[in-house]
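Make the full structure from the sequences, and use the hints.
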Amino acid sequence: YLEDFEEFEAAARSLFAQKPLRTRYLAKYRHTNSKVILKVTDDKVCLKFRTDQIADLKKVERFSQAFARWMITKDLDNLDEPDAELEEAKDAAKPVAKRKRKAR
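All residue numbers for the sequence shown refer to my numbering, where the first residue is 1 and numbers rise by one.
Honestly, the hints are just simulated from the structure, not real lab data. Note that the coordinates shown come from a computational prediction; the quantities given were computed from them, not determined experimentally. We treat Cβ as the ideally placed atom computed from N, Cα and C, and that holds for glycine. One or more of the hints may lead you astray.
Stated by the list, open to error - Label pairs and their calculated CB-CB ranges: (1) ARG30 / LYS58: 25 to 31 Å; (2) LYS74 / TYR29: 30 to 36 Å; (3) LEU21 / LEU57: 14 to 20 Å; (4) HIS31 / ALA10: 28 to 34 Å; (5) LYS74 / ILE54: 31 to 37 Å; (6) ARG22 / ALA55: 14 to 20 Å; (7) MET71 / LYS28: 15 to 21 Å; (8) LYS74 / ILE37: 26 to 32 Å; (9) SER64 / TYR1: 38 to 44 Å; (10) GLN65 / GLU7: 17 to 23 Å; (11) ALA68 / ALA92: 14 to 20 Å; (12) SER34 / THR73: 29 to 35 Å; (13) GLN65 / ILE37: 15 to 21 Å; (14) THR41 / GLU6: 27 to 33 Å.
Structure follows, in structure tokens:
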């Protein structure tokens, strides 16, 4: 198990860049001890990260989204760059503030 999340994320990115067709990702929650376990493997190298901290859940969510983007990208040289289509979709999904009407 890797102790540092940033180290896990960098190692997972490197593993995916080397073998994108063989690399897979698994997220598991164990309710008995309230732990989240992340696993990235290509059947030869296995990277694991385990946490029971609520604060790490946002990092786990961000990593899951990033891994999904890596799997659909066509250009593996740009894994670190933010996805322009995703940013546009986020901006379009923001709610537009409406003016409140006074009750009569």
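Right, here's what the structure says about each hint:
1. ARG30 / LYS58: 25 to 31 Å: violated (19 Å)
2. LYS74 / TYR29: 30 to 36 Å: About 32 Å separates the Cβ atoms of LYS74 and TYR29, which means 30 to 36 Å holds.
3. LEU21 / LEU57: 14 to 20 Å: Cβ of LEU21 to Cβ of LEU57: about 29 Å, so the range 14 to 20 Å is violated.
4. HIS31 / ALA10: 28 to 34 Å: holds (29 Å)
5. LYS74 / ILE54: 31 to 37 Å: Check passed, 36 Å falls within 31 to 37 Å.
6. ARG22 / ALA55: 14 to 20 Å: violated (32 Å)
7. MET71 / LYS28: 15 to 21 Å: holds (19 Å)
8. LYS74 / ILE37: 26 to 32 Å: The hint (26 to 32 Å, Cβ to Cβ) holds, given that LYS74 and ILE37 are roughly 30 Å apart.
9. SER64 / TYR1: 38 to 44 Å: violated (18 Å)
10. GLN65 / GLU7: 17 to 23 Å: holds (19 Å)
11. ALA68 / ALA92: 14 to 20 Å: Because 19 Å falls inside the window, the suggested range holds.
12. SER34 / THR73: 29 to 35 Å: Once the Cβ atoms are compared, 33 Å apart, the range 29 to 35 Å for THR73 and SER34 holds.
13. GLN65 / ILE37: 15 to 21 Å: This hint holds: roughly 18 Å between Cβ atoms.
14. THR41 / GLU6: 27 to 33 Å: violated (19 Å)
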